[in-house]
Amino acid sequence: MNPTVRIVGWTATVVAVTCAGLASAPFAGADATAPAVNDCLTNQAEVQPADMLLACGDGGLSVRDITWSSWGRDSAEGDGTEHRRVCQPSCAAGRTATATTHITLRKPQDGYFTEAAITDLDGKPETWPVSPPRR
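In case it helps, mature numbering (1 follows the signal peptide of the UniProt record, and there is no 0) puts the sequence shown at residues -30 to -1, 1 to 105.
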């Protein structure tokens, strides 16, 4: 066999195997067996979402622009910006306040995190339930 053809053949094989391995590899920071979290707007499972709506009933609390520092089997942690509806004098006439917050997802069950802990606008801890997808 021509040496040039052999080199080109081996190079193509190496590139194909490498690309296939990269395409199937989990992205950095996520454990392949780690739970997902449900997006209550789309009812879809997500891993390391950039945004999370926590008050699914009225949309009054979300964490946006989340940078995840860990995503494991028991918990996930990140930092983002809290957007909270402040209902003063009423929810209709109120405003949205923002603050940096730390978010921790925990209590995995059946492949989904079921609880989110954040710091509120006053820096106090607060816990929110996170429901699995509706079937």
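Treat the hints with care, since some could be wrong.
As the list claims (entries may be wrong) - The following label-pair restraints were derived from C-beta to C-beta distances: (1) Ser39 x Arg105: 28 to 36 angstroms; (2) Trp98 x Gly42: 16 to 24 angstroms; (3) Thr12 x Asp35: 28 to 36 angstroms; (4) Ser40 x Ala63: 36 to 44 angstroms.
As the list claims (entries may be wrong) - Lysine to any residue pairs mimicking SDA-like chemistry, simulated, CA-CA at most 25 angstroms apart: (5) Lys77 x Pro102; (6) Lys77 x Asp35; (7) Lys94 x His72; (8) Lys77 x Gly93; (9) Lys94 x Ala69; (10) Lys77 x Ser60; (11) Lys94 x Thr3; (12) Lys94 x Gln58; (13) Lys94 x Thr12; (14) Lys77 x Ala87; (15) Lys77 x Gly42; (16) Lys77 x Gln58.
To be clear, the hints were calculated from the coordinates, so they are not data collected in a lab. All C-beta atoms, glycine included, are put in the ideal place defined by N, C-alpha and C.
| Checking against the hints above, which ones are violated? | 3, 10, 11, 13, 16
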